[in-house]
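**Q** Next come the chains, spelled out residue by residue.
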Amino acid sequence: MLEAIVFYIFSAVMVAAAVMVIFARNPVHSVLFLILCFFNAAGLFVLMGAEFLAMILVVVYVGAVAVLFLFVVMMLDVDFVALREGYAKYLPVGAAVGVVLAAELVFVLAPWAFSASVPEAIAIPIPDPGQIHNTRALGLVLYDDYAYVFQASGLILLVAMVGAIVLTLREREGVKRQSIARQVARTRAEGTETVAVKSRQGVDV
Amino acid sequence: MGNILLTGAIEIGKILLVVVPLLVSVAMLTYFERKVIGAIQLRKGPNVVGPFGLLQPFADALKLLTKETIVPTGANRVVFMMAPMLTLLLSLVAWAVIPFGYGLVLADINVGVLYLFAISSLGVYGIIMAGWASNSKYAFLGAMRSAAQMVSYEVSIGFVIITVLLCVGSLNLSDIVMAQKTVWFAIPLFPMFVIFFVSALAETNRSPFDLPEGESEIVAGYFVEYSSMSFAMFFLGEYAAMILMSGMTTILFLGGWLPPFDMAPFNWIPGLVWFALKTAACLFVFLWVRATMPRYRYDQLMRLGWKVFLPFSLFWVVLTAGVLVYTGWIPR
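Protein sequence lines, in the order shown, are assigned to chains V and B.
First residue of the first sequence: 1, per the working numbering; consecutive thereafter.
First residue of the second sequence: 1001, per the working numbering; consecutive thereafter.
Wrong hints could be hidden among the right ones.
To be verified - Pairs of lysine-lysine residues, derived as DSSO-like cross-links and limited to a Cα-Cα distance of at most 30 Å, are as follows:
{"no.": "1", "chain 1": "B", "residue 1": "Lys1307", "chain 2": "V", "residue 2": "Lys176"}
{"no.": "2", "chain 1": "B", "residue 1": "Lys1137", "chain 2": "V", "residue 2": "Lys176"}
{"no.": "3", "chain 1": "B", "residue 1": "Lys1063", "chain 2": "B", "residue 2": "Lys1137"}
{"no.": "4", "chain 1": "B", "residue 1": "Lys1067", "chain 2": "B", "residue 2": "Lys1035"}
As the list claims (entries may be wrong) - Here are the in silico distance ranges between beta carbons for each label pair:
{"no.": "5", "chain 1": "B", "residue 1": "Arg1295", "chain 2": "V", "residue 2": "Lys176", "range": "18 to 26 Å"}
{"no.": "6", "chain 1": "B", "residue 1": "Leu1314", "chain 2": "V", "residue 2": "Ala4", "range": "38 to 46 Å"}
{"no.": "7", "chain 1": "V", "residue 1": "Leu158", "chain 2": "B", "residue 2": "Ile1330", "range": "23 to 31 Å"}
Bear in mind the hints are in silico, worked out from the structure with no lab data behind them.
All residues carry an ideal CB built from backbone N, CA and C; glycine is no exception.
Between the sequences and the hints, there should be enough to build the whole structure, so can you do that?
**A** As structure tokens, this is what we get:
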């Protein structure tokens, strides 16, 4: 009873926040609504007993990805009037895409049925939550059963990261950089020099 | 129905039992800070209001309460008012999973450490929202600095937490404390303890990493435009976050509520007192650092986070894992 009420609260807020992401006039408000949406998704995970996934969702998406989103959106100098200019022009195209997607969804959902193997698949892999909590269960699946696939996906992400850095890296000339190692390694002998200055002659520096 | 109401009332009572002493400790921490810094600088610190100046923080709170709340004209009102509330809220909800003694915890959840990590990584939102909603250059600059800083140091905090988890084999905070029965993790994992503490300084925006506030260049950073109670909420949130980080250090490295030696005079003292003493010791170091160190330059701060702490903590994760597997000490 209580769980059902909490479930409906979380889902209602989540759907409302998701709608507001699209309809908010200010992009910063959109991102804030997106964060609210993530939070409620995490709440739904907790309700289902998947507390590890819930926490990871908050740490990764809310704590890191959304911060960067917010960062970029705040720094961008978006002209809201210009953004709305082409609204009428693009509306038919957008509507057409939406209608096609909706029609496809209907075609998929109308003859919806579980395949014969689904009941077996549901029955097998889930251990009793009392015996093994989901952090351990996830770890067993990721690092024991699918270790190589996991490593491969890690490599793919690494390649993507290297690619992004290579694409955006540019060497600028005339930038002064501090080299801490060189500063620390400097001795008094190379840094200073004692000169006996003769009167009215000065020194060459 | 009456049953639900009763359990609800009991839970609320428990929450108040945590929150009220916490808020009092925040007040006492501001007093303690001024006294410690006063002593280090050969001054007396607050000594007028109440005996030994003990009532000074309450006088300050009253003063702030009676002041006028000013919202700048160009500010985004809703976000502007939400930011301090969020900061305070986040620093309070984290205490739900902190074990004060054996079984003395509001919610003994399985993923306690992750919960703390998640909550502390959210602290940046209060600051970014405040900086953006104030519609002021100084506030915005402070918020940007703070966001970059907190995201950078979170990575090394994550690695430190992973190292501790490798030695414990559980994400539950009570399990982490109980795993330190023989030796506190501060001894075998000493370098990680240092990294965690320095990162905690950066995460809570304390000196020497208090660039987001940097009063010499950007006035007061993200809360320039705040006054009265909204300012007080930021202040409360910041100090509660300091206490929380000290509590986390205590739990992860200093054996939580466990006495230093499990023998006669030490284990007469209840665990709660040990926990409070250790947390207070960490807090003292926070203040000591503030009174001693000059502020970091921004590029040096980023260099320390990304080029020193990150590789080093990653190396220690691999080393710890290797040692644990090689010696067969890895917990099952």
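**Q** A separate judgement is required for each hint: does it hold in the structure or not?
**A** Now for the hints, and whether the structure bears them out:
As the CA atoms of B/Lys1307 and V/Lys176 are separated by approximately 18 Å, the hinted pair is consistent with the 30 Å bound. This hinted pair checks out: B/Lys1137 and V/Lys176 have alpha carbons roughly 26 Å apart, not beyond 30 Å. For the hint linking B/Lys1063 to B/Lys1137, the alpha-carbon distance of about 28 Å falls within 30 Å, and the restraint holds. Taken as a hint, the B/Lys1067 and B/Lys1035 pair is honoured in the structure, with Cα atoms around 25 Å apart against an allowance of 30 Å.
For the pair B/Arg1295 and V/Lys176, the supplied restraint of 18 to 26 Å holds, since their beta-carbon distance comes to about 21 Å. Between B/Leu1314 and V/Ala4 the beta carbons are some 45 Å apart, a value that agrees with the proposed interval 38 to 46 Å. In this structure, V/Leu158 and B/Ile1330 meet the distance hint of 23 to 31 Å, their C-beta atoms being roughly 26 Å apart.
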